[in-house]
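**Student:** Sequence:
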Amino acid sequence: MPSRVLYNQARNTLNKEIRVAKRSYAKKLENQFSCNDPASVWKGLKDITNYKTPSPSTEANQQLAEDLNDNPPPPPALRISEDDVRQIFLKQKRRKAPGPDGVKPACLKTCADQLAFIFSQIFNRSLELCEVPACFEQSTIIPIPKKPKITGLNDYRPVALTSVVMKSFERLVLAYLRNITGPLLDLLQFAYRANRSVDDAVNMGLHFILQHLDKSGTYVRLLFVDFSSAFNTIIPTLLQTKLTQLSVPRSICQWITSFLTDRHQLVKLGKFMSNTRTTSTGAPQGCVLSPLLFSLYTNDCTSTDPSVKLLKFADDTTVIGLIQDDESAYRQEIEQLAAWCSLNNLKLNTLKTVEMIVDFRRNTPALPPLTIMNSTVPTVESFRFLGTTISQDLKWDTHIDATIKKAQQRLYFLQQLRKFNLPQELLTQFYSAVIESVLCTSITVWFGSATKSDIRRLQRTVRTAERIIGAPLPTLQELYTSRVRKRALKITLDPSHSGHLLFDLLPSGRQSSN
Numbered sequence: 179m180p181s182r183v184l185y186n187q188a189r190n191t192l193n194k195e196i197r198v199a200k201r202s203y204a205k206k207l208e209n210q211f212s213c214n215d216p217a218s219v220w221k222g223l224k225d226i227t228n229y230k231t232p233s234p235s236t237e238a239n240q241q242l243a244e245d246l247n248d249n250p251p252p253p254p255a256l257r258i259s260e261d262d263v264r265q266i267f268l269k270q271k272r273r274k275a276p277g278p279d280g281v282k283p284a285c286l287k288t289c290a291d292q293l294a295f296i297f298s299q300i301f302n303r304s305l306e307l308c309e310v311p312a313c314f315e316q317s318t319i320i321p322i323p324k325k326p327k328i329t330g331l332n333d334y335r336p337v338a339l340t341s342v343v344m345k346s347f348e349r350l351v352l353a354y355l356r357n358i359t360g361p362l363l364d365l366l367q368f369a370y371r372a373n374r375s376v377d378d379a380v381n382m383g384l385h386f387i388l389q390h391l392d393k394s395g396t397y398v399r400l401l402f403v404d405f406s407s408a409f410n411t412i413i414p415t416l417l418q419t420k421l422t423q424l425s426v427p428r429s430i431c432q433w434i435t436s437f438l439t440d441r442h443q444l445v446k447l448g449k450f451m452s453n454t455r456t457t458s459t460g461a462p463q464g465c466v467l468s469p470l471l472f473s474l475y476t477n478d479c480t481s482t483d484p485s486v487k488l489l490k491f492a493d494d495t496t497v498i499g500l501i502q503d504d505e506s507a508y509r510q511e512i513e514q515l516a517a518w519c520s521l522n523n524l525k526l527n528t529l530k531t532v533e534m535i536v537d538f539r540r541n542t543p544a545l546p547p548l549t550i551m552n553s554t555v556p557t558v559e560s561f562r563f564l565g566t567t568i569s570q571d572l573k574w575d576t577h578i579d580a581t582i583k584k585a586q587q588r589l590y591f592l593q594q595l596r597k598f599n600l601p602q603e604l605l606t607q608f609y610s611a612v613i614e615s616v617l618c619t620s621i622t623v624w625f626g627s628a629t630k631s632d633i634r635r636l637q638r639t640v641r642t643a644e645r646i647i648g649a650p651l652p653t654l655q656e657l658y659t660s661r662v663r664k665r666a667l668k669i670t671l672d673p674s675h676s677g678h679l680l681f682d683l684l685p686s687g688r689q690s691s692n
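692 is the number that my numbering gives the last residue of the sequence shown; the numbers go up by one with no jumps.
Hints are computed from structural coordinates only; laboratory data are not their basis. Keep in mind that a hint or two might mislead.
DEER-style ranges, computed between Cβ atoms [what the hints assert, rightly or not]:
1. A516 <-> D571: 25 to 31 Å
2. Q655 <-> L572: 18 to 24 Å
3. K194 <-> Q241: 53 to 59 Å
Below, computed lysine-lysine pairings styled on DSS-like, alpha-carbon distance capped at 27 Å [what the hints assert, rightly or not]:
4. K271 <-> K282
5. K530 <-> K584
6. K630 <-> K325
7. K274 <-> K530
8. K420 <-> K274
9. K325 <-> K194
10. K274 <-> K287
11. K573 <-> K583
12. K420 <-> K271
13. K583 <-> K327
By construction, the Cβ of each residue, glycine as well, lies at the ideal position given by its N, Cα and C atoms.
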């Protein structure tokens, strides 16, 4: 048989076998599709097409290895699990007001199991797209009077009612942001950080003051700064830049910018409703993320001179000038603060910003007044500093007088409950929640330096409650000692706390000394 004929037969047989093999392989791929095995299908398709995933070419060398080691990959973008959503929904308080969308917290709490999956999908899709759904950006502003007599618009505090679904979403993002930014925050920012409180801020301020006044010829000037509508002045694009500098992933920065821009709001005053307005500046008061975002926005507002301390608790800012004759550093830091505010769109309210001078020198000269933006700052003898009234003589009479008055007013309600013959256990619970809570407000700040006379006056309120209830109650000294020990232990175990270095562990390792 001629070779040409043999060749044609072999070719035809080969082509036939190839067609059979292709049909067989195609059938195999179909079976893998039907068995939901996409990985095997994709592998087969890559084999057929000779497809290879392109990879960037890199020249391997020692320096590249060192550079990669020094620059680890950025933290992964936030991913929210179904269980995360379920747990946050279960924590809803049933009696809280719904937002503009009408969804009630009770609904989320009751149907947490049924809603967790779908909302986890919605939340994650929002994070992937770096966009907040428009229905989550609606706010109803409720004006809350700051004082009994209203004289102008500035006497109202705008509080935003927002979607409870969005608030749940915000809480999940909040935990993520705290974890990333915590180590990079200013040590003297005490708001919205783990193991920090207003008492820590006041105690740290008092430590700076008392330590400085131990030196001869010294005095202290304290500037209590007031910002006009602080949260409403945040510029989202500027915040995004600052968040990037704090190692927040770019996608989260973009999501936060979306959260703050193109928000729809209206004002509800009684039965009256305003027209809807779109805003793209500020972080609404009432949103879960707003306080932390403001803290991050002002994180780079710090003192550059060791003799001037700038304490922050969210939008409450206090400048402490530790002065010995020369005030130039203090005044220069105030000028820099005013300049920083101008650059960052924050408005210093010079009408409500006040100064207090602590000066125990025998021959006290007249001190020149402080001027900010051509306005003279008024001086005060006392100021309510983060809930604690601090006086220029560093005594606690004014604060304790107000505390006793408030506690005694509440004793009336305890007496009324006693008339209904309620059991001692319930009366004691009422006392702890309503009266003891007042007596112990910031107790770690002031009780240790209160006079014996003031302590006796405070304890008389406790004894009156004991007579009404008919059972013994813990003394304020016992409560103070217990709280101070617990607080000191937590600070000693937290190296990132600004007060950590103020404590030295005793040899036993079980107690601490200040």
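**Student:** Regarding the pair K530 and K584, is the alpha-carbon distance no greater than 27 Å?
**Tutor:** Distance ~26 Å between K530 and K584 Cα, so the pair holds.
**Student:** Given the hint that K630 pairs with K325, does the C-alpha gap stay at or below 27 Å?
**Tutor:** violated (34 Å)
**Student:** Would you check the hint for K325 and K194, treating anything up to 27 Å between C-alpha atoms as holding?
**Tutor:** violated (93 Å)
**Student:** Does the Cβ pair A516, D571 satisfy 25 to 31 Å?
**Tutor:** At roughly 29 Å between Cβ atoms, D571 and A516 fall inside 25 to 31 Å, so the hint holds.
**Student:** Given the hint that K274 pairs with K287, test it: the Cα-Cα distance must not exceed 27 Å.
**Tutor:** holds (12 Å)
**Student:** Would the pair K271 and K282 pass a check requiring their Cα atoms to be no farther apart than 27 Å?
**Tutor:** With Cα atoms ~10 Å apart, K271 and K282 stay inside 27 Å; holds.
**Student:** Between K274 and K530, is the straight-line Cα distance small enough, at 27 Å or below?
**Tutor:** violated (33 Å)
**Student:** Quick check: does the Cβ-Cβ distance between Q655 and L572 fall within 18 to 24 Å?
**Tutor:** Check passed, 21 Å falls within 18 to 24 Å.
**Student:** If you draw a straight line from the CA of K420 to the CA of K274, is it 27 Å or shorter?
**Tutor:** violated (33 Å)
**Student:** Just tell me: holds or violated, for the beta carbon distance of K194 and Q241 against 53 to 59 Å?
**Tutor:** Roughly 58 Å apart at Cβ, these two residues keep to the hinted range, so it holds.
**Student:** Check whether the Cα positions of K583 and K327 lie no farther apart than 27 Å.
**Tutor:** Holds. K583 to K327 sits at ~22 Å (cutoff 27 Å).
**Student:** Regarding the pair K420 and K271, is the alpha-carbon distance no greater than 27 Å?
**Tutor:** Violated. K420 to K271 sits at ~34 Å, over the 27 Å cutoff.
Figure legend: structure checked against the earlier numbered hints; hints not met, in rising order: 6, 7, 8, 9 and 12.
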